[in-house]
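K.L.:
Residue strings, one per chain:
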Amino acid sequence: MAEILRRSRAMLPWRLARLAFLGLVAFWQVFLVAPIVIIVIASFTSANYMTFPPPGFSVKWFAEVMSLSWFKDALVTSLIVAAASTAAAAVIGILAARVLARHHFRGRVVVEYVVLSPLILPGVVLGFALFNALVYFRLEDLGLPNLIAGHTLVTVPFVVRSVWSAMAGTDISLEEAAQSLGANPAVAFWKVVLPTARPGIIAGAILAFTYSFNDLTMSIFLSGVDATTLPVQVMANIEYSADPTPAAVSTLMVGLTFTFFIIIARTVGLRVFTDR
Amino acid sequence: MISEHRGPLVAGWLLSAPAVVVVAAFGILPTLNILLEAFRTDGTPSLANFQGLLDSGLAVQSFWRTLRVAVATTVLTVFAGYPLALMILKARPRTSTIILMIVVFPLMVSVVVRTYGWLVILGPSGIINQALLALGLVQAPLQLVRNEVGIIIAETQLLLPYMVLSLIAVLQKVDPHLEEAALSLGANPVVNLVRVILPISLPGLLSGVLLVFSLALTAFATPLLIGGPRVPLLTTLLYSYVFSSYDWGAAAAVAVVLIVLALVFITAQRLMAGAGLKRHG
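Residue numbers (my numbering), protein chains in the order written: chain A, 1 to 276; chain B, 1001 to 1281.
The following block holds chain B by itself, in its conformation from the complex (with noise of 0.2 Å):
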């Protein structure tokens, strides 16, 4: 009796053992250390490096700018996403896969590249001044990159796949008899719209706006390359703390701020998928 019991209990933790172990020494003691670095200075427990981090006027715009790229990129994802998806669900099968595989393919590219393409076309020498330059619209280059217009417009690049893949994993449930029903019964396209589309899709919606809210709170790669050190996000002005002024309790600090708001926003979004992790097992 015992040993059924235990049978499956030992195994369980053998064969997930090296994974744990990795995950364990090289991500989550490493963190967990950090946490208590950020409380300490100089060896005892304190708040100051919260304290500096407050006193600090770069670290307190640099979290208010974080938030404004954050939501900017996340309102622009749900305008940009629902076209897309709505698309991907009602077009023939053969387009359907086609723009499907132009929302996913730039997932899987670099983020270096993806940044580096909206350098070469929001540059002062850039496409798009070019084309305002030559339309005469503007007499000087417009300033696109090194400010939060240039984060945002790369972010939402960036995130929005994700947004598109949330919504349409919520989409492809609906009945279509549904849609044809509210037709049927004389609804115009925009009422269907309105009150069969949007209402249905409502959890694909939230889950994916706490998922690329949470992913634009955290990106690094498209801040540090397109915003640079002069427009720091929270994960570029830790980046700096660390390599440029060697100051690592602040660095730990953000790192806790950065963690904390990434554990609000993931586990929301967890809920809201209705503990998708689950229906796997």
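Okay, chain A solo, but in the shape it has when bound (with noise of 0.2 Å):
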């Protein structure tokens, strides 16, 4: 008995240490979620300006914003260019990533370096860069291709790391086999590399078009005077206005965001984030 009690006395300090040890992870998950579930909540709000906690619940911010030209341009400039340069940035970047996969010659780090460059480079460096040679060339007003160039070169690295990694897993001999069997490179690689390489490609793709639609370093440089996409927009709203009108455009970005997160866990699942 005595021996139980001494035990469990020497147990304590072990059972508050792990406690601490859970208060520290939920404090840092509340931490990590705050700032997005607190905008999600306040653009449910009834009162007139930005406040947390809402005096009311009510849905009159999102009716609000559906009647705001600027909101249904922005929305559409940025669906536009996010489809745009994730549709270029996944047709450039599967060549590349099958390049990288599959081919062994002289250069082949050349392209490597080349290809994933925009995730080294500084986004508002590459921002800037764009910017002043659009200007060099006077073809900074053109707005919608500018965006659309911008995105694409910033989404490439997306789809090749992505897609990349899916083929690197593949059986080569399956696209031998096709070949052997008198299918020619290009039906074998879009009858077999393309759709073993699937999920890779899903993940890339999804993940450019998110990165493309929540950016505001490449939109910010080259957004012109009648192409400005959400995140500017809504940026330039919570500055200027005290209305939670940025906070009902944040909720409905939010859950365009998880619906792709959602799609991403169930078809590819977490591992295209953790897998490195």
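Simulated from the structure, these hints should not be mistaken for laboratory data. Even for Gly, the Cβ is constructed at its ideal location relative to N, Cα and C. Please note that the accuracy of each hint is not assured.
Unchecked claim - Computed footprint of chain A on chain B, listed as stretches where at least three residues anywhere in the stretch have a Cβ under 8 Å from a Cβ of chain A:
{"#": "1", "region": "1066 to 1077"}
{"#": "2", "region": "1097 to 1107"}
{"#": "3", "region": "1137 to 1146"}
{"#": "4", "region": "1238 to 1251"}
Unchecked claim - Computed footprint of chain B on chain A; a stretch qualifies when at least three of its residues, placed anywhere within it, have a C-beta under 8 Å from a C-beta of chain B:
{"#": "5", "region": "54 to 64"}
{"#": "6", "region": "93 to 106"}
{"#": "7", "region": "149 to 156"}
{"#": "8", "region": "233 to 240"}
{"#": "9", "region": "248 to 261"}
Take the two lone chains and join them into the complex the hints point to.
P.N.:
Here's what the structure looks like:
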């Protein structure tokens, strides 16, 4: 009996340490989601100014957002830019990933570093550099094409990395079998290589789309008078208005992002983020 | 024989050409052009742009502020990263998945939205100040935005997931028998943590530190929204040179500083990660 008592007393510090550890974990989890959750909750406010906690529940700011012309224009621009740059990045990224996963030739390292360089160079530098070049060629007012070019540049690495690791994990003998059975290389690529790399392609495309849709750095340098993306507009509205419209727009953006996140988690799994 | 050697070379370059051309045309060549412009004034080579930065109190302040913010952010992500990473590895699969989702999801959410959230939390009439005033701990609202404190808090939230992922990448490869052995040999949990887990996690810690540090040096949206033009970091200073004072020579010089900082830390990180890029090939 005394032995048990002595033991449980000795255990007490460990229990406390364990509790402290769990508390720490809980604190940092709250810290990670707090800014997102608070914006979502605050957007359903009945107040006419941004405040937390909201005094009452209302969806009036979502109705307000739907009637705003800047919201519609920016949403359309953001969707076009994200779709076009993802499509472009997917096509050129898949080809580059294929080369990096299968071909061995002189200069392969150059290809690798060039294609992944947008991840290494700071975003502001890339934004300023491209803007500066566009000004030199007097193309800075084009808006939409500039945004698509800039976003393709920064999203290519996402597709390349994701498709590359998917292709590296697949068996080359399948493709060789297809070719020895008479399929020409293009057909073998289309019918065998692409389907086996599909999880990597889906993940890469979703990451590219989300990155483009949420990006501020590139867009703020490249947005023109008649082509501005949603994050740039939200930022301007946070700075210059006190009402909760930017919160409502933010909630819609978080909703779209969450949908894509669930698709990734369900299809290819969270390994996309943990495997490096 | 020759064609056998040239075949892969030609195919390799042809297939990767579209990506290489796009990145070179929209990214690398414009950046090289910026580098050249930084070292020129009125078309002649000079170091005037860099001298200008050194003579400007604002630029020098921004440089040191950028380093301070990056160091503080990195330290905070280390302290937050270990408990989260250990929990993800030790918890039951279901709990572990949920925590991993909580860590990863913020990565995908727009930086603008996340920073906006911090403005609502930390602002003069934000939750923190409401609570402190209600509890009578302060008489006037604390200044938590428009200064380094706010930037550090928001950037920690921004970059913490990268630290957790770097730690997990290393720790998940640890042989569970090693810990069992340590525990069965009588090591208590703290000794196990300090003697077994920490040394094993060092490569992940180092690559996480370098990654978070370089991302903190080059973060843009967060200092722009929370700090504003009065509390510039190098990135927001570059932005205001471009759009407010139209001094593009100075902006190019800041870009050079940022590129050098980013390259140094990213290269170190790549080396630390054991040439992680090559592992795929």
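K.L.:
Please name the hints from earlier in the document that this structure breaks, with their numbers sorted from lowest to highest.
P.N.:
Those not satisfied are hints 1, 3, 5.
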